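Protein sequence lines correspond, in order, to chains A and B.
Be aware that the first sequence starts at 1, since it is given in this note's numbering, and climbs by one per residue.
Be aware that the second sequence starts at 1, since it is given in this note's numbering, and climbs by one per residue.
Note that these hints are calculated values from the structure, not bench results.
Here the structure is a predicted model, which is why all the values come from computation and not from measurement.
All C-beta atoms, glycine included, are put in the ideal place defined by N, C-alpha and C.
Please note that the accuracy of each hint is not assured.
Claimed, not checked - If you only want the chain A side, here are some residues facing chain B, beta carbon under 8 Å, derived:
#1 E41
#2 G42
#3 A73
#4 G108
As the list claims (entries may be wrong) - Partner residues are not named here, just some residues of chain A that face chain B (Cβ under 10 Å, in silico):
#5 V65
#6 E69
#7 R80
#8 K291
Each chain is listed here by its residues.
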Amino acid sequence: MSRPIPLHELGDKEYIDPANQACQGCGGAIVSRLVSKALGEGFVRAEVACCGPAFMNIRAPSIYVEVFEGAGALMTGISRGLKRIGREDVVVMGIIGDGGTVDIGFQGLSAAAERNENILWVCYDNEAYMNTGGQKSGATTLYAATTTTPIGEYSRGKLERRKNVPLLMAMQGAPYVATASVAFPEDLLGKLIHAKGIKGFRYIHVSSPCPTGWGYDPKDTIKVARGMVQSGLWPLYEVSDGILRLNYKPRELKPVREVLKMQGRFRHLNDEEIDRIQREVDTFWRRLVAKDGGEIF
Amino acid sequence: MGRWEVMVGNKAIAYAAKLARVQFISAYPITPQTSVVEYLAEMVASGELDAEFVNVEGELTAQTAALGASAAGARAFTATSGPGLLYMHHPMHATSGGRFPVVMAVIHRSVKGMQPDHSDMMAQRDTGWIMLECENSQELLDTGIMAFKIAEDERVRLPTIFAGDGYILSYTAEPVEIPSQEDVDAFLPPYRSSYPLLPGLAEEARRVQMEQWGIGQDPQLRWRRQQEAMEAAKMVIMEVNEEFYKWFGRRYGNGLVEEYRCDDVEAFIVAMGTIASTARTAIDRLQAKGRRIGLVKLKSFRPFPSEEFRRLGAMVRAIGVIDRNISLGSGGITFQEIRSSLYDLEERPRILGFHAGLSGKEVRVGDIEMICEKTLRAAKGEGPPSLVEWI
Ligand SMILES: Cc1ncc(C[n+]2csc(CCOP(=O)(O)OP(=O)(O)O)c2C)c(N)n1
Ligand code: SF4
Ligand SMILES: [Mg+2]
Numbered sequence: 001m002s003r004p005i006p007l008h009e010l011g012d013k014e015y016i017d018p019a020n021q022a023c024q025g026c027g028g029a030i031v032s033r034l035v036s037k038a039l040g041e042g043f044v045r046a047e048v049a050c051c052g053p054a055f056m057n058i059r060a061p062s063i064y065v066e067v068f069e070g071a072g073a074l075m076t077g078i079s080r081g082l083k084r085i086g087r088e089d090v091v092v093m094g095i096i097g098d099g100g101t102v103d104i105g106f107q108g109l110s111a112a113a114e115r116n117e118n119i120l121w122v123c124y125d126n127e128a129y130m131n132t133g134g135q136k137s138g139a140t141t142l143y144a145a146t147t148t149t150p151i152g153e154y155s156r157g158k159l160e161r162r163k164n165v166p167l168l169m170a171m172q173g174a175p176y177v178a179t180a181s182v183a184f185p186e187d188l189l190g191k192l193i194h195a196k197g198i199k200g201f202r203y204i205h206v207s208s209p210c211p212t213g214w215g216y217d218p219k220d221t222i223k224v225a226r227g228m229v230q231s232g233l234w235p236l237y238e239v240s241d242g243i244l245r246l247n248y249k250p251r252e253l254k255p256v257r258e259v260l261k262m263q264g265r266f267r268h269l270n271d272e273e274i275d276r277i278q279r280e281v282d283t284f285w286r287r288l289v290a291k292d293g294g295e296i297f
Numbered sequence: 001m002g003r004w005e006v007m008v009g010n011k012a013i014a015y016a017a018k019l020a021r022v023q024f025i026s027a028y029p030i031t032p033q034t035s036v037v038e039y040l041a042e043m044v045a046s047g048e049l050d051a052e053f054v055n056v057e058g059e060l061t062a063q064t065a066a067l068g069a070s071a072a073g074a075r076a077f078t079a080t081s082g083p084g085l086l087y088m089h090h091p092m093h094a095t096s097g098g099r100f101p102v103v104m105a106v107i108h109r110s111v112k113g114m115q116p117d118h119s120d121m122m123a124q125r126d127t128g129w130i131m132l133e134c135e136n137s138q139e140l141l142d143t144g145i146m147a148f149k150i151a152e153d154e155r156v157r158l159p160t161i162f163a164g165d166g167y168i169l170s171y172t173a174e175p176v177e178i179p180s181q182e183d184v185d186a187f188l189p190p191y192r193s194s195y196p197l198l199p200g201l202a203e204e205a206r207r208v209q210m211e212q213w214g215i216g217q218d219p220q221l222r223w224r225r226q227q228e229a230m231e232a233a234k235m236v237i238m239e240v241n242e243e244f245y246k247w248f249g250r251r252y253g254n255g256l257v258e259e260y261r262c263d264d265v266e267a268f269i270v271a272m273g274t275i276a277s278t279a280r281t282a283i284d285r286l287q288a289k290g291r292r293i294g295l296v297k298l299k300s301f302r303p304f305p306s307e308e309f310r311r312l313g314a315m316v317r318a319i320g321v322i323d324r325n326i327s328l329g330s331g332g333i334t335f336q337e338i339r340s341s342l343y344d345l346e347e348r349p350r351i352l353g354f355h356a357g358l359s360g361k362e363v364r365v366g367d368i369e370m371i372c373e374k375t376l377r378a379a380k381g382e383g384p385p386s387l388v389e390w391i
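Kindly produce the complete structure, drawing on both the sequences and the hints.
Shown next as structure tokens:
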């Protein structure tokens with residue numbers, strides 16, 4: 001299991017260039033900085049279509065391939081190729097959007113996990129197809145308004161629950177699976193550094209709020225991200241060899257209402273809808289707590 | 001010294017990959033390709049071949065993973081047919097766009113039905129891959145080895161397909177000479193990528209990446225570079241074909257086209273793949289009867305040897321082109337390309353188009369004799385000025 005690592009423990013050196021093309025307050029850009037800091041020199045980065053190319057300021061060698069659905073395959077190939085040229089020491093990492101992970105890229109993700117490819121998959125989850133302007137994805141929270149689940153007389157936003165891909169990966173038996181949040185950098189860094197030391201398929205799914213798509217002031221990214229974790233909308237846990245551990249366990253969860261109301265995408269929610277989200281969060285949290293420290297199946 | 005073995009085409013393909021010492025293989029079954037990866041799986045399982053053998057979950061991944069392995073600096077191979085090739089279409093553009101010298105065997109299967117035609121490969125026409133067509137199992141093995149040398153040449157750096165008709169070659173056994181590993185090693189040295197995706201090479205990797213993306217420069221530049229590489233490939237294919245001849249005693253025309261009994265003819269027909277074999281018999285029979293008609297086998301579909309057809313076209317009065325494909329709404333693909341190659345000639349031969357062998361329809365010697373007779377009549381100025389016919 002991981003151990004939280006404060007940023008200052010990693011020294012002053014940055015592994016990204018000062019500027020990028022992301023929007024102000026982009027959660028994904030924070031993920032890139034922290035990932036590059038945790039991995040340092042010895043990694044290469046695979047990339048497919050998403051907002052990720054806006055964070056091209058990571059200095060590590062990168063390969064961008066215009067195959068949105070192909071992240072799992074691309075990383076598989078790179079990892080096997082590096083092994084063949086005698087460079088298994090190099091970490092093969094991808095910062096992949098939620099769309100490229102849970103939807104169009106899911107087949108390749110699941111197959112790479114099955115083969116236990118020696119790769120580190122970091123999903124930065126902004127809960128929609130942001131690069132194309134904020135359409136619904138399989139990671140979008142229930143009732144959220146997106147450009148393809150707009151609010152109207154006949155529509156209340158997204159009608160489906162989000163897919164729980166970290167648990168799916170854990171059920172596939174991946175050696176290491178974790179959730180994380182940009183609001184908890186020590187936790188994320190600890191997980192990245194722990195993952196770096198493991199061989200095989202590693203999956204870290206990071207909640208990465210997007211002011212542009214979620215409709216909040218860019219200065220509030222961390223506040224929103226923290227609220228998601230504190231309310232149980234995005235619990236922090238990790239699964240190592242089938243054992244689950246909750247990494248953030250407050251005595252009491254904050255009500256979801258507070259953090260939902262900070263975001264434009266939930267502005268339309270009525271009490272009944274908020275109650276349904278609250279009930280689902282409570283149920284999931286109860287089940288997670290019951291599993292904490294034990295086997296997931 | 002090589003040794004002889006009676007083997008099916010798919011085994012010849014597997015031998016090509018083995019002798020080339022591929023380091024990465026992505027495998028996914030589809031008829032009539034399947035036994036290629038089965039043979040390779042056995043070679044890896046028995047220790048005959050030391051390579052990453054990845055059972056992927058589909059052809060999209062087969063192609064994208066091969067791309068990734070090639071980017072990392074490994075020699076990568078995959079193989080597919082028909083619908084599998086269509087499923088690869090999207091990443092195939094990325095493989096060529098990134099200038100990754102992946103080699104792929106295509107065992108033709110129609111996009112309509114299970115039997116062979118060239119519609120699967122023709123649907124990849126503009127993906128930026130080199131495409132070399134083979135006529136028999138020996139040619140598959142030899143071309144497979146040459147394909148790596150062509151693809152990896154610094155003047156080229158383009159992914160390369162070598163292809164043969166499914167069933168007719170894939171499952172038909174014939175004697176094939178397997179070159180010795182020492183000779184192949186001498187002919188084809190290990191692959192060393194100039195741009196491996198590795199830490200420490202960040203600057204260079206970035207520069208190459210920026211060029212691929214067209215960032216900070218003329219956005220058309222990467223298209224232009226790729227077209228220049230295709231043009232350069234013509235020379236490289238001819239060189240490799242000659243070098244192969246020096247080592248192994250076999251060559252395939254000049255590597256781009258192969259002329260069969262074209263001395264002193266007034267017309268020739270053009271065919272690709274196994275139809276060329278059938279056509280050889282037809283030409284023999286007709287020349288025995290005094291007909292002055294030869295065969296030009298089109299081996300390199302991409303890059304397309306326009307110069308060769310201009311040279312050959314200037315020597316005859318008519319050309320009959322057999323297409324095992326059709327661009328629906330337009331026509332026979334090689335027919336059109338040959339026709340357009342001839343446009344600049346002062347005196348252009350007549351050119352006739354024939355569709356034959358689509359969805360595996362059998363093409364008999366008699367069919368080709370008939371095509372030849374029609375072409376000869378056109379050479380004498382008889383019949384309609386141009387003709388497109390279904391055989
Ligand atoms: C095959 C394919 N389909 C669709 C697209 C268009 N597209 C580009 S990025 C993108 C959304 C990416 O979403 P996600 O993976 O969540 O990353 P984000 O943009 O949110 O950072 C889409 C739909 C594409 N590039 N390729
Ligand atoms: S749209 Fe969202 S995820 Fe994309 S760059 Fe902007 S803030 Fe980041
Ligand atoms: Mg997204």
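> For which of the previously enumerated hints does the structure constitute a violation, in increasing order of number?
Replying inline: Hint 8 contradicted; others consistent.
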